[in-house]
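Participant: Starting from the given sequences, assemble the full structure and let the hints guide the process.
Chains as they are written, first to last, in the working numbering: chain A, 1 to 305; chain B, 306 to 632; chain C, 633 to 931.
Possibly wrong hints are sitting among the right ones.
[Stated by the list, open to error] Label-pair ranges, simulated between beta-carbon atoms: (1) A:127 x B:325: 25 to 31 Å; (2) C:817 x B:492: 29 to 35 Å; (3) C:817 x B:613: 56 to 62 Å; (4) A:127 x B:349: 31 to 37 Å; (5) A:125 x C:705: 42 to 48 Å; (6) B:349 x A:214: 26 to 32 Å.
The hints are simulated quantities; they were obtained by calculation from the structure and are not laboratory data. Given the structure is predicted, the values throughout are model-derived calculations rather than measurements. Cβ coordinates follow ideal geometry from the N, Cα and C atoms, glycine included.
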Amino acid sequence: MLAFATKRFGLALLVAVTVSALAFLLLRASGDVAIALAGEGARAEDIESIRRIYGLDRPLLVQYFDWLWKMVHGDFGESLYFKTEVWPLVMEKLPTTMLLAVFSLTFALAVSIPLGILAAVYPNSWIDRLCLALAVVGQAMPNFFFALILIMVLAVSLHWLPVSGSESWAHFVMPTITLGYYIAPVFMRLVRAGMIEVLASDYVRTARAKGLSQTSIILKHALRNALVPIVALSAVQLGLLLGGSVVIETIFALDGAGFLAYQSITHKDLPVTQALLTLLSILYVGLILIADIANAWLDPRIRVG
Amino acid sequence: MAPLLSVSGLTVDLATPRGTLHAVRDISFDINAGETLCLVGESGCGKSMTALALMGLLPNSATRRARHLAFEGGDLANVTPRKLASLRGNRMAMIFQEPMTALNPAYTIGDQLIEVHRRHKGSTYAAARERAIELLEKVGITPAGERLGQFPHQLSGGLRQRVMIAMALMCGPTLLIADEPTTALDVTIQAQTLRLLIDIQRDLGVAILLITHDLGVVARVAQRVAVMYAGEIVESATAASLFRKPRHPYTRGLMASIPIPGRTPPGERLGSIPGIVPSLIGEVRGCAFRDRCAFAFAPCAETVPWRADNEHGWRCTLPEVPAEAAA
Amino acid sequence: MTESYAPPLLEVVGPTSGALLRRRIFTHKGLLIGSTLLTIVLLLALLAPLIAPHDPYAQDLTQRMIPPLWSEKGTWAHVLGTDNLGRDYLSRVIYGARISLLIGFAVMVISGLIGAALGLAAGYFGGRTDMVVTFFITIRLAMPVILVALAVVAMVGGSLWVVVLVLGLLKWDRFAVVMRAATQQVRSLDYVTAAAATGASTPRIIVGEVLPNVLPQLIVVASVEAASAILLEAALSFLGLGVQPPLPSWGLMIAEAKAYMFFSFWLIAIPGTALALLVLAINMVGDGIRDVSAPSGRG
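Facilitator: As structure tokens, this is what we get:
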């Protein structure tokens, strides 16, 4: 088990470093940074001086290692748009996004697991079809469209919730529902498929032959085995959430890292964009790592020799 | 004395896309307390379905009917699913063919043994655990205490099957149904497992319904035998009587097709039964074996009578089938 | 011995596998509904110049914000109303279908080719090639697509082709995974090893065996990626970093309508519903193909 974890960690580290390099390269490769920074209609001398100031005339590799070195020390530079240091800026906004991600994941699981179980226990019944319909609509609907609908219904027509901002818990409700509904369908299908497969397994037949209660069979014997892939999927979906929050946070003016990403990108704030890309990727890699290890731990065959 | 299990006119129908499959067709048999009845037949003859029907473990697409179904003196045919569940694992238990997949990989052996005892007897964890150790030792697994904390993947196939047997015996059932318990095991382990079943019957007085396709197994453990073909019982007798003088052409064919050390002359051709098992979808009339029987004639297409000679019964239109069955 | 002239018992003759497949296709409601819907959208897009009642770019400030037909102020001249610049909404929706379909199709093809090639290489060559490709896939999975796409578009400038290229170069991972798994599976088949032992041409065998087997899975992945690409483009355009105005991208239309959403929600609802229906259709077709090509044990 330890060897497994160590190996995975090493791989994760390698991936993280590579991603940071890619993020770096990508931004510099997709256009002349100096021109982008200087803005439209800038004169040649201005562009040149910007190049010198930001060290953009040095070889790419040097720039990268310089940046990497600084990053490892927590120095991400200064934001061009917000005029403050990048690291504190990002750290200020990140908790909001993480909170939103956790709420959304919880909401998604709270809805999809029970529905998935019901759909599996009563296959091809009206419950099953209803769950399928919900999943199908959830996958087809653009999440920003759903968000706008929620706003119209819950905030404008019913006045139950505030439209935008991030001051109170109430402000998190609609974003959570939107994002939760966005990632729930995949979970529901996985739970349903997993449960159906497990319910048909030999060991569930044994459990039935032992005369155990239906509840015990479903929740103790079946679910425990069917949920294993859910753990791994949660990590993947959390990663999706981190990305998807850009759109949702922007609509609801929720002041998190996603909204920050949008602002920094649209204002060509390179240091912030780069920092966010790198950080979010590393976070994501870390999540996958945790999921891999959790998965292995959940399977007694790997955990106990 | 009344039999422990009394089955009369059991029928199981399966709904399939191609029509209704008559898997078990109006069979009747009894099992007395403490005796071993073997249900023999080839794949698809309905013997597993019979076992599942008794336990109430049939799939949703199946319907079960019986004229009379009694267990331990109580009616088994019209009980609620709840009552049936309280009997399963408690008064009547079942073990299956494939030990490698029959245990839940996520829980320890101990956990799975203990839960069935607590479920039916309402015992404390400690009491159930003691019982589990007692049974593990009974089936020859030592050190029992250590094994309790192990996971299924840490045990071999033979050991897992023993655990299954122990698990079946946890609540002291009077009937143990074993569906091809040794088929998936290595030959040497097979013998050990059968030996175990014989010992258990002797020591605990459990009646056993053993389902198998292997006449060798029957010869070893059975007191009484019922031969099934295409959903019907075609012959039923004590083991001794069956082997001494098989009556039904199918049984004869079966016996002729296995070599018996000491009996079959060397160099002699083994018999085989030509043809294949007929489909049981849609209406089935008359003797299901007639397509493959060397002695079939017109009346075989109508209802076939059940004949009996003392305790030995069989279903055939012919009262006496010639000694030499052509291969 | 007496002859057996008992009537033969029931004999079951099965239908051919081709007939079975056809039956499965035509009884699968999802597949039928999805393909019909998809065909309708496809026709709308292809015949747009003939069907659209107005020029989608023609502005008429005297005809601003007319609601659709079913509201009291609606008119037959503009069945789905007009937007804030007086452009006919029905025409814009119809032309918008072109954009979405183009995105979906182009991204699917580009990412499909990249992914399939990578996956095939990884599965066929194994060893170091496999390690490298798997590493690439992991790297790619670690990058949030929408952020990268946003960043690139911001640097390069937004346009239809930029979006297609960026998405196409990012969304190949699932193709690669599926192709790799299928290739590995075929490669380990006994008769392939046997063929190799006799000096037969393994590449041809593998390609010849892999493609037919993996085709259904690839189609399913293709449908997922196409749908996802359509939604991504809509999101990018919604944020202003995708297709640029005055193109009638459905996502862009929603963005432009956001300011008026409290009084004229139809401006948002119509393109939003169009998006949902198109993605729904694609998903149904993909699911349907997956169900229909499942091994025949499914009855």
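Participant: Each hint: holds or not?
Facilitator: Checked hints:
1. A:127 x B:325: 25 to 31 Å: 27 Å Cβ-Cβ, so the 25 to 31 Å window holds.
2. C:817 x B:492: 29 to 35 Å: Cβ of residue 817 of chain C to Cβ of residue 492 of chain B: about 33 Å, so the range 29 to 35 Å holds.
3. C:817 x B:613: 56 to 62 Å: Cβ of residue 817 of chain C to Cβ of residue 613 of chain B: about 58 Å, so the range 56 to 62 Å holds.
4. A:127 x B:349: 31 to 37 Å: holds (35 Å)
5. A:125 x C:705: 42 to 48 Å: holds (45 Å)
6. B:349 x A:214: 26 to 32 Å: The hint (26 to 32 Å, Cβ to Cβ) holds, given that residue 349 of chain B and residue 214 of chain A are roughly 30 Å apart.
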